[in-house]
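Student: Could you put together the complete structure from these sequences and hints?
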Amino acid sequence: MAYTKRTDGRKMDELRPIKAEVGIIPNADGSALFAYGDTVAIAGVYGPKHLHPQHLQNPEKCTIRCNYNMLPFSVTERARPGPNRRSKEIALITENALSTVVDLDRFPGTVIDVEIIILQANASTRCAGINAAAMALAHAGIVMKELVSSVSIGKIDDKIVTDITKEEEDHNLGEGATDIPFTICSNSKKIVHLQLDGKMPTKRFNEAIDAAISACEKVNQYQIRALKGEKINENK
Amino acid sequence: MNKEERKIVVPGEIIVSGEKYLPGDFTIKNKEDIIANRYGLVDFGERIVKIIPISGIFEPRRGNVVIGTVRDISFNGYNVEIGGPYSAFLPIMECPRFVNKDNLLDFAKIGDSLAFRIVNIKKPSIDLGLKSRNLGKLNDGRIIKINSHKVPRVIGKEGSMINLIKEKTNTEITVGQNGFIWIKGELENEEKARDAIKLIEKESIFNGLTQKVEEFLKIKEK
Amino acid sequence: MKINSVRIPNINKKKIIESLGKNKRLNDRGLLDYRDINIELGISKNAEGSARVKIGKTEVIAGVKLSTQEPYSDHEDEGTMSVFMEFSPLCGERYESGPPRVDSIEIARIVDRGIRESGFIDWKELCIKKNEKVWSIMIDIYCINDDGNILDVSSRAAIAALQSAYFPRYDEKEEKVKFGEFTKNKLPLTKNIPFQITFYNIKENLLLDADREEEDISDGRFTITLSQPKNEKIINSLQKGGTSAFSSQEINLMIENSEKIYDTHFSKIDNQIKKLIKTKN
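Protein sequence lines correspond, in order, to chains X, E and P. Sequential numbering from 1 applies to the first sequence in my numbering. Sequential numbering from 1001 applies to the second sequence in my numbering. Sequential numbering from 2001 applies to the third sequence in my numbering.
To give a feel for the contact side, a few chain E residues facing chain P, derived at Cβ under 10 Å: (1) S1113; (2) K1184; (3) D1195.
These are calculated hints, taken from the structure and not from any lab test. All of these numbers come straight from a predicted model, not from anything done at the bench. Every residue, glycine too, gets a C-beta built ideally from N, C-alpha and C.
Tutor: The structure is reproduced here in structure tokens:
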């Protein structure tokens, strides 16, 4: 049975309702919330600031240090608090994605702390987190060439879809589900984060790239609007 | 374009296109496009397009007057907290003549606040100095903190804004470029001055700031 | 979790103490006044119950998750509860990620005791099968913006999350919880709602709801959790925190004051929560 209609009724290339806002954590130098439907991420940025202990400092550049934390009650079955292998990996890929667009030469020997928490999870949590983090960095006045936007493209059975949900992730009929999260720069369209797990024919991968570029352009518009002061909430 | 028409731009945004434009602070030029590299307000000069930061940490420059608090005393000087990305240090040689390795505590204790000048920046640390008349220990009063990028608005053109506040609240005020501000006066007046400054911090990017502050100070006068 | 030390300017410390001596506080707040409170329920849909509470600028999120477990041998027909608390590094510059420090452990345990000892939860109603299976309530509390008095804000958030929580479906045949499927059954809560009040002392002054600067300057704190099952107020838990020492008169004064504070604040907040729950249905 082919996947002809999405479980939540969306078009194949349609994003879930977006929520985006900046400045939600008063103490942080920059902060933002980004939500794909029921997946809600909050990011806060502190820095650049001195990095202790000294041996962790990179004397030539600023270091971006990410922490990614899913709150225990953000998922259906309570997740034990604290870092785990998955959250450490996600923190690393987030750091790597953000480092490509941030000017790291400006404040050598310092650190920018990026803290991401997932308040509510329905797949694409790392993508929501990266979107929030990018907005928070910009909001904190960090010098950046451009923004980055992140979306999970899926191949559900044989269909390429944009912004997959947990239900779609779990689809096991036909060709099953393949999850392909992308993070793409707003101007250069360069890909700064890409993962895949599932089964994707080599000849079709291009379709995923096209879907991702198109989706990320849309996401970027939301990020820009939120930074300019709009409190976006399409969930109403 | 005048101040009234400044708009917010975000990293990656193409501010304007055209051969005649030159990239100023926090912008770059790609072919004919002037592109923003920082979240802030656009400022159009005759040809130079630059961005005025409205958020972010304090970015120290040599010569800045800053206010800081002693966090630690080492054998040859004081480690000072001034905010911003770097650590700051006041060496003995920048202190008044009577200060030496044996009487550091007599001059300043941990928790004491002073107005300093930034003498030298050797990333990732800063050297502070005290050799100028308006610098030195701050006694009495209180220190508040605002975002350092709002300091120019708090000071105003040729000091007009800060002088207005000082006058209407009868307080002494020293504004550090790092966003730390020292206020001294009667209890109520210190609070009035602080509230006026916080108002500026909040409303700085909007029009009619001077009027809002004047009205606020008049109300408080009653 | 690493908590970096912060240097409060001596002149600010002096100024705050001087003002308190004249009974004055920032923004004309009274020494025993709470800042404005803002409550939002159901902020995390996968949780069985959740709440976000802001008092002044301090903001705390709490979530309730339910699961089942074997009961403890000395409470064969009673459900269980654990409370966990963390300062997210989001909440302030001084916090850096790491394992929970004793500061957050103490807060979790204080909030836990207040809820546990008040009789707010009817433990026996959480029994599914005596000796074999009971419901287990897990409360996770996260501070996301720190402007002082995280202790009391945490308690408000935990209690609001409990009050707005619903059981997940329990499949009797499979003897398993069907997570993600919610029922319309609320948790078995009694009317003994705990109200936690923390006093902070700065020299001889006792304050409520210290902001960040006041808390940094404070010499210590004293937390009292009260409930009112019938006509008299009952102390369900006490905790003296910090390194200061209180005289017995001061302790009695705080206990006396706490009764008045309960009368002034408790029903306002309780009504607010009940109204929010009604509108959600």
